[in-house]
Amino acid sequence: MKTENSPKGLTRRQLLARATAAGAAFVTGSGFLAARDGAWATELSALKPDSFATLVQMARDIYPHDHVGDEYYVIAVKGYDTPDHAEDIEAGIEALNGAAQGRGYDSYLAIGWERDRADLLRSMEDSPFFQRIRGGLVTGLYNQKAVWPLFGYEGASYELGGYIDRGFNDINWL
Amino acid sequence: MAAPFDLNDDTVVVVIGTGAGGGVLANELAQKGVSVVALEAGGRYLPEDYVNDEWESFGQLAWVDPRTTSGDWRVAKDFSGLPAWIVKAVGGTTIHWAGASIRFQPHEWKAKTTYGNVQGANLLDWPIDGEEMDPWYTLAETKLGVTRTGGRAGLPGNNNYLVFEKGAKALGYKEVHTGRMAINSDDYDERISCQQTGFCFQGCKWGAKWSAAYTDIPRGEATGNLEVRDHAQVARILHDDTGKVTGVEYFDKDGNLQLQKARVVCVAGNSFESPRLLLNSASSMFPDGLANSSGQVGRNYMRHTTGSVYAIFDKPVKMWRGTTMAGIIQDEARHDPSRGFVGGYELETLSLGLPFMAAFLDPGAWGREFTSALDGYENMAGLWIVGEDMPQETNRVTLNHDVKDALGLPVANVHFDDHPNDVAMRNHAYRQGEAIYDAVGATRTFPTPPYPSTHNLGTNRMSENPRDGVVNRWGQSHDIANLFVSDGSQFTTGASENPTLTIVALAIRQADHIAREMSAGNL
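Chain order of the listed sequences is A and B.
All the letters of the first sequence, read from the start, carry residue numbers 1 to 174 under this note's numbering.
All the letters of the second sequence, read from the start, carry residue numbers 1 to 523 under this note's numbering.
Hint data in this document are derived by calculation from the structure and do not stem from the laboratory.
One or more of the hints may lead you astray.
Listed next, with one range per pair, are the computed distances between beta-carbon atoms [unchecked claim]: (1) A:ALA95 / B:ARG467: 55 to 61 Å; (2) B:PRO106 / A:GLY135: 21 to 27 Å; (3) B:ASP417 / A:GLU90: 40 to 46 Å.
Some residues of chain B that are not near chain A, with every Cβ distance over 10 Å (derived) [stated by the list, open to error]: (4) GLY33; (5) ASN52; (6) GLY81; (7) MET133; (8) ASN159; (9) LEU162; (10) GLN196; (11) GLN258; (12) SER284; (13) PHE286; (14) GLU378.
Listed next, the in silico BS3-like pairs over lysine-lysine satisfying Cα-Cα at most 30 Å (straight line) [claimed, not checked]: (15) B:LYS404 / B:LYS244; (16) A:LYS78 / A:LYS145; (17) A:LYS78 / A:LYS48; (18) B:LYS261 / B:LYS244; (19) B:LYS261 / A:LYS145; (20) B:LYS244 / A:LYS145; (21) B:LYS77 / A:LYS78; (22) B:LYS315 / B:LYS169; (23) B:LYS32 / B:LYS166.
Remember, it's a predicted structure, so these values are computed and weren't measured experimentally.
All C-beta atoms, glycine included, are put in the ideal place defined by N, C-alpha and C.
Take the sequences, apply the hints, and build the full model.
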C-alpha cells in the first residue's frame, strides 16, 4: 500500500512525524494506527491506538506466522474497534499491560521477545479475554481469503472445473 | 408432482427427517404407492446452492441449534455446544457425507458373541446378520452407485491418496485402494463423474456424489405419493388410548404448531434428535417417553472411535485437491484382540481446507508449535480413523430441561465417556497412521483429536429381546406397532465401517416391510 492510502490523506512523512511510538512495529496518532514502514494504516473509531496496537501484537503472538503481514492481523481484530466491544477490550488490554508491569516491563508492547510475551499470555490463557481473542482469530485470521494463498491453499475450485485437469494427482516426489 | 396431503389424512406414513434413513425410506415407500408426508427441520439446498467455502457452507447446512454436552470426550471441552457436525436440510447429512460405502463384516453383526464380555460395555448381537442383509446391501450399492461394486470402477487416487498408499504399502498393508465410494467414477444414474473438486463435505456441486437431496427426494416427489415439508420441526408424537401413535405435532416454517395425522410414524432425525423426540413425547401413558419400556431410549450412544493423523513432508502434497475421502486401508478392520482391543478400525484419507484445519488440528492450541504446523499446510497429508466403539449404557442422550431451543423444547444433552477399548484402539490407530507417513518421509506428524461427530449411532438400538433395546429387527418399536425408527440410532453396535450404506440398506428393507405389512392390514 502506498502513502496515498494513508488515513485522512496524510503522507507517510506527515504520518510518521505525528506518530508516537507503540512498540517496534507500529506508529500511532490520534485515531489511527499505521505500520512503521507505512505499508498499511487503519483508522480507529472506538479503541485507543495504543490498545489496538497491543491487540494486533497479541494476535500475532497467539498465531505467529512470519510470512503473514500485520495487515491481516489488523483485519482479524478490527471488528473489536466498535463502541459495543471497546469497554471490554480496553479492560482486557489494561489487564494485559498490568501483567506485563508485574513482570517489570512498561507494557505488553515493551516486551522484546515473543517468547516472553507468549509466557505472559500462557499465564492468562484461561481468562475470558484471552479466549475471546484467540477464538475470534480462528476464523478472523484463517478465514480471510487473502490469507489462503500465503499458505498455498487454493480455496474454491468448482468455478475452475475442479482439479481433474489441474493436478489432483500431480505429486512427483514419491 | 408432489402431492399435498391434508393434515387430517390419517392414511399417510409420516417420516421425520429426510437423510440417509428418512429420505430413502420416504422415496422407497412412495415408489411402492404408499402415501408419505416427510417432515424436515431444515431447508432445501441443491448443488447450485452449495458453496466451496468451509465456514460459509457450515453456516448454510450445519445443524447449529443448541445442544449441550458432558463426559470426558474432548469434544465436550472443545466444542461444548456442537457435539455433532451434521446437516439440517432436505437430504440431511447425505449432503455432507464423504461417500464411503462399505458393508459391515459378518462378525460385526454379532459383536457380543464375537467379542465376549467386555467390562463396562453394553454389547449385544444384532437380531439380523450379514447373510440376511446381503441383498439389501446390493440394492443400496446399486442405488448409490458405489464404486468397486456391481462392476463399477474405482475412483482415481489424488495426491493425498498417493502418499497414503505408498506409506501403507511400505508397512505391508494389503487392502489399500481408493475406496468403495458413492461418488461416480463414470456417469451413472443421470449423475456425472467426479471432477476432483474437493469440498465433498460442503455438498457436491456436480452431483457426482450420491445425496438423497437430489436423487431419492425428487424421485419420490415425482411419484405423486410423497410430500416433503421443509422447515418443519417435529415437537411431539401423539398417541391414542390404545397406545398406537396417531400423528405428530410440528412447528411449520412460520413457527405455527400443526398436527399431521398418521397411520404410521417413522423417526429418522439422527441419533440425537430421534431419542430427543421420543423422550419429549412422554405422556401419562408413557411417562418415560415413547417406546421406552426398556429404558434404553437415548442410551448406548456411539460415535465411532475417531481421530485423525496429519503429517508434514518436505515437499508439497496439496491434499485438498480432489476427492476428500477416496482412500482406505482395511487391514486393521479385523477383530484381533492381540492388538489390545476388540473390534477393528478403518483408515481413510481425509483433508480439510486451511480454515477448518486451523479450527480442528488441535482445538484451542496456539503459539508457534501450532502455527508452524499450519505453515506446513501445503505439504500436509491426512487420514481419518473410523473404529468400532463400545456401546455403554451411560453414554446417552437425555433431555436438558435447563436449555430450550428456539421453539421452547428441551434440547438434547449428549454424554460420552471413552471406553478403555476405545482409547486403546485410537492409540493403536494413531501409531499406525504416524508409521504410514513416517515411511514416506514425514518430518512431523500430528495425532489429531476427534472432530464433532458425524457418525452418531445407537440411541434407539435394535434388539431381539424387548428388554434390551428399543426396536426390533425391522426397526419397529417393541412397544408401539406403528412407530418405527429408520436412522442410525437403531444400530445395535457400530462396527468399524462408515454407517451410511448400512442405514440406506436398512431403510430399503424397512420400506419393503412397512409396505407389506400395510397391504396385509397389520399396520
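Taking the hints in turn, this is what the structure says about them:
1. A C-beta distance of roughly 58 Å is found between ALA95 of chain A and ARG467 of chain B, which places it inside the suggested range of 55 to 61 Å.
2. Range check, PRO106 of chain B to GLY135 of chain A: about 46 Å between beta-carbon atoms, so the 21 to 27 Å window is missed.
3. Our hint of 40 to 46 Å for ASP417 of chain B and GLU90 of chain A holds, since their Cβ atoms are close to 42 Å apart.
4. For GLY33 of chain B, the non-interface assignment is confirmed: its Cβ lies about 38 Å from the closest Cβ of chain A, beyond the 10 Å cut-off.
5. With a least CB separation of 3 Å from chain A, ASN52 of chain B falls inside the 10 Å interface cut-off, contrary to its annotation.
6. The beta carbon of GLY81 of chain B is kept farther than 10 Å from every beta carbon of chain A, the shortest such distance being approximately 13 Å.
7. At roughly 34 Å, the least C-beta separation between MET133 of chain B and chain A is larger than 10 Å, which holds for a residue marked as non-interface.
8. Against chain A, the non-interface label of ASN159 of chain B is violated: not every CB pair exceeds 10 Å, the least being about 4 Å.
9. At roughly 5 Å, the least C-beta separation between LEU162 of chain B and chain A is not larger than 10 Å, which violates its mark as non-interface.
10. With a closest Cβ-Cβ approach of about 4 Å to chain A, GLN196 of chain B is found to fall inside the 10 Å limit, against its non-interface label.
11. With a minimum CB-CB distance of about 37 Å to chain A, GLN258 of chain B clears the 10 Å threshold, and the non-interface call stands.
12. Distance check for SER284 of chain B against chain A: the nearest CB is about 45 Å away, which clears 10 Å, and the non-interface claim stands.
13. For PHE286 of chain B, the requirement that its beta carbon stay farther than 10 Å from each beta carbon of chain A is met, with the minimum near 42 Å.
14. Distance check for GLU378 of chain B against chain A: the nearest CB is about 3 Å away, which does not clear 10 Å, and the non-interface claim fails.
15. Note on LYS404 of chain B and LYS244 of chain B: the hinted pairing holds, with a Cα-Cα distance of about 28 Å set against a maximum of 30 Å.
16. Proposed proximity of LYS78 of chain A and LYS145 of chain A is supported: the alpha carbons are some 16 Å apart, at most 30 Å.
17. A threshold of 30 Å between alpha carbons decides the hint, and for LYS78 of chain A with LYS48 of chain A the separation of about 12 Å falls inside it, so the pair holds.
18. Taking the CA atoms of LYS261 of chain B and LYS244 of chain B, the gap is near 12 Å; set against the 30 Å cutoff, the hint holds.
19. In summary, the hint linking LYS261 of chain B to LYS145 of chain A is not supported, as the alpha carbons are separated by about 49 Å, beyond the 30 Å threshold.
20. Taken as a hint, the LYS244 of chain B and LYS145 of chain A pair is broken in the structure, with Cα atoms around 55 Å apart against an allowance of 30 Å.
21. Distance hint between LYS77 of chain B and LYS78 of chain A is fulfilled; the C-alpha atoms sit about 28 Å from each other, no more than 30 Å.
22. The hinted pair formed by LYS315 of chain B and LYS169 of chain B meets the criterion: a straight-line CA distance of about 20 Å does not exceed 30 Å.
23. At roughly 47 Å between alpha-carbon atoms, LYS32 of chain B and LYS166 of chain B are farther apart than 30 Å, so this suggested pair is violated.
Hints 2, 5, 8, 9, 10, 14, 19, 20, 23 from the earlier list are contradicted by this structure; the remaining hints agree with it.
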